[in-house]
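K.L.:
Now for the letters of each chain:
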Amino acid sequence: MKSSVITFPGSNCDRDMDVALNKFGFKNKMVWHNDHELPKSDLVVLPGGFSYGDYLRCGSMASKSKIMHSVINFAKSGGLVMGICNGFQILVESGLLPGVLLRNRYLEFICKNVYVKIDNKQNPYFKNLDKEVFEFHIAHNEGNYFCTKDQLKEIEANNQVAVYYCNDEGKTEDLFNPNGSIKNIAGIFNKEKNVLGMMPHPERMIDQSLSGEDGSLFFKNLINNLK
Amino acid sequence: MTVNEKIAIEHGLKSDEFKKICDLLKRTPNITELGIFSAMWNEHCSYKSSRLHLKKLPTKGKKVIQGPGENAGIIDIEDGDAIVFKIESHNHPSFIEPYQGAATGVGGIMRDVFTMGARPIANLNSIHFGSPQHKKTKNLLRGVVHGIGGYGNCMGVPTIAGQTSFDSSYNGNILVNAMTLGLVKKNKIFYSKAAGLNKPVIYVGSKTGRDGIHGASMASASFDEKIEEKKPTVQVGDPFTEKLLLEACLELMAGDSIIAIQDMGAAGLTSSSIEMASKGNLGIEINLNKVPCREAKMTPYEIMLSESQERMLIVLENGKEELAKKIFDKWNLDFAIIGKTTDTKNIELFFDDKQVANIPVNTLVENSPMYNRKWKKSKLPKKVKIKKDSLNGLKIKEILKKVLSNPNICSKEWIWQQYDHTVMGDTIQKPGGDSGVVRVHGTNKAIAASVDSSAVYCWAHPLTGGKQVVAESWRNLISVGATPIAITNCLNFGSPENEENMGEFVECVQGIGEACKYLNYPVVSGNVSFYNQTKEIGIKPTPSIGGVGLIKDFTKMVTMNFKEINNIVMVIGKTEGHIDQSLFARSILNEKNGPPPEVNLFNEKNNGESLLNLMQKGLIKSAHDVSLGGIITAVSKMSIKGNKSIKFNKSKNLINEINYLFAEDQGRYIIEINPKNLKEVAKILDQNSVYHEELGVIIEKDMIINQKTKVTIDELKSYNSNWLTNFMSA
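Protein chains in written order, with our numbering: chain A, 1 to 227; chain B, 1001 to 1730.
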């Protein structure tokens, strides 16, 4: 399986994602934001970080970079595109996913482990996972997902919510919402479910000595689904 | 403008220093030259009050690749790998403008590290604020934390450990010390020493603006009521540009184009160009019209003294200009050839085709002033006789509640949760433990680092305090299973022109030196920050020690959370019941006098090394050093983290129970061992003459201190975890 990780100026989880993808069997290539063409890929990942310093609006400048034309075309033709953290923000800014990501409700950067609940397994990312509640890691300042009422209706009607913030038992109450996201939403799909954006970082949970191993389950399952 | 003594004094120079400049030049300097002298000769850059004493610190060792004098120190961690590290203060700017002050402190120290070719792999910080009741404290704390996070998070370097304290002596002068560790291959280290004639001098990074002019001079003076006027001397950080600069520099460093490289930190283009020329025993010629400027009509004086951030100066090999430019273009950074190396041994500056400065480099560096300031020796205070009555009526549970929720002991999660501590995917011990630990990427090795200071002890008796901080740093590394290698120090003091403050400096440095020497724990880098005072009031002496150690096999790392019910808890090192200057004495008995706990370096070394030996044998399940708040505080933290607690044995010793639990005697650790290993552990400790006693056994939930006193785990958590969050949201 071939994957590509895009490096924008200011990306800083690109290496971590490269390590994770390679560890679980992907042949990963790093792709520079100024390139025109994506290499042949089964999965394209927009990594976390602070592309263009997050100076205008998180992800907005990166969403206009050269490589994004190819990424958007790739997504529109059904290719798998996953955006983590800043990558999620870029996907939203590029129009591949609905909604926006606002500043966290207490206006502070948050770095900690959280639980997320996977609601919908009818998609290439989560199909065949044998549990629903995962412990992932978040590290962001703007992860407060927001959309209009109409958008929310549509998102829910199409089963587009990928993951919700919850507790270890899967309860999705506001108490377990770290950043104020509407309906505890931690990640969403596009309608077709080939584009996934989420704030949590599975790539930081790939080893027992790190924050945990639920990221390993995610990546192992993902590559098996793609085979 | 014609320069005279009055203008020189306005630049922070003394009359006799101005006279010395005129004598050295054999003429009166022009305004640009005066600016350069004032930047190079201020306390911050010249170390004129401290040099004499810093020379006495041990700086050499088998593992030391580079000691003080370069951008950062370097130690050998085997297999061709090395760790570059340094701590630096950004106190004055952070008090004036906390966000930018702290942010640029973090940016500056990271540049010091990657200038040497190392990729930063961990950040730490030591931050100190005034009394929580002081009106500025909350905003300063919030600003500093946001600034540290804002810069470090954007750079993608994890902040893995730190220290925060509150004390009214910082009401008018907070401390912000930032530390960075970087990883480099031993054969790919870059230095600041220029070499060769007519080599191109290259400017890269951000453009030069009017920010931070005289920053280093500002940091070399006390504050007064006009402090708000100093805001323009604070630099403005741009972590995004620094991230690009990091990647571009490392890309260029992968080849062989660079002869010398130096970041533009304090005193900007002035100190970086002079440093490179001085180390190479060369001259340097710069055309200031070539310097990329952010603002129009900047004068040579402003260009030379700007402290705009995210800039580097490079001496390149001839013919490598195109290749280098291509890399900086790729990263959208300015790249300009601004001058060349010469054989004049002078720094010559040109602007609009005119020479605007011409100064022999050695007058700025070797001939800079050095003072043997007067200082006053401190006497060891007499022990306080605490009357038995004052202890009667105190309830252990009540004391414990106050101690665990004390601002200097309570959980700092509110702070470190705002720092990305897991990016780079190698953090295996997060903030909140004894040391932060990161793996050396792709290997079985890990690096532990901690930062410590004990201003109260240093204030009570500087010599003992100096030793104690080093010992505590050493213990914090041992507690996670790391072999301590070397330290970096950030020496924060009041005015060197005050005999008492100077005495505190001299004796703290002496204490640090003695401990480092005994523990074979050399100083490889550091920084001195004087004039941490407002009007006549100085801070408590606060040397911060950043310690670095190696764990050869990271699977043997030890953490402090209690692991398993029925395991035995033991304390290593003798408890004599030293209460003076303890948190208990100061905050419960309101007794501020007396000596700090004595530091016995033999015991420190012996206890630490013996424990490390037990850890390497896999006999230690958890460990934590005993420091502020004594045994019961240490045990409480291990309980909170492990969600299990301890039933204390009936005390066999003769010390009063309160003294025993809250005393701050040095050289102690709490360890957890499996009962089946008890005999072996005791035997090894006995063989090494390490004092040890069994403290109790791990139980499921509640801490049982004695027949009458029980504290539930939830109570412990609530005592410890709420203070800071409540304070910041109130």
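Just so you know, the hints here were simulated from the structure itself, not pulled from any lab data.
Computed from a predicted model, the values in this text were never measured in an experiment.
Be aware that a few hints might be false.
Claimed, not checked - If you want the ones that stay clear, here's a sample from chain B, every Cβ over 10 Å from chain A, calculated:
no., residue
1, Ser1131
2, Met1155
3, Ala1195
4, Leu1244
5, Glu1366
6, Val1384
As the list claims (entries may be wrong) - Dumping the calculated SDA-like pairs for lysine to any residue here, alpha-carbon to alpha-carbon at most 25 Å:
no., chain 1, residue 1, chain 2, residue 2
7, B, Lys1136, A, Asp150
8, B, Lys1563, A, Tyr106
9, B, Lys1185, B, Lys1563
10, B, Lys1188, B, Asn1346
From the three backbone atoms N, C-alpha and C, an ideal C-beta is built for every residue, glycine too.
K.L.:
Next step is simple, just say for each hint if it's right about the structure.
P.N.:
Evaluation of the provided hints:
no.	hint	in the structure
1	Ser1131	23 Å, holds
2	Met1155	7 Å, violated
3	Ala1195	33 Å, holds
4	Leu1244	6 Å, violated
5	Glu1366	41 Å, holds
6	Val1384	42 Å, holds
7	B:Lys1136 to A:Asp150	45 Å, violated
8	B:Lys1563 to A:Tyr106	34 Å, violated
9	B:Lys1185 to B:Lys1563	37 Å, violated
10	B:Lys1188 to B:Asn1346	30 Å, violated
Consistency note: the structure conflicts with the earlier hints numbered 2, 4, 7, 8, 9 and 10.
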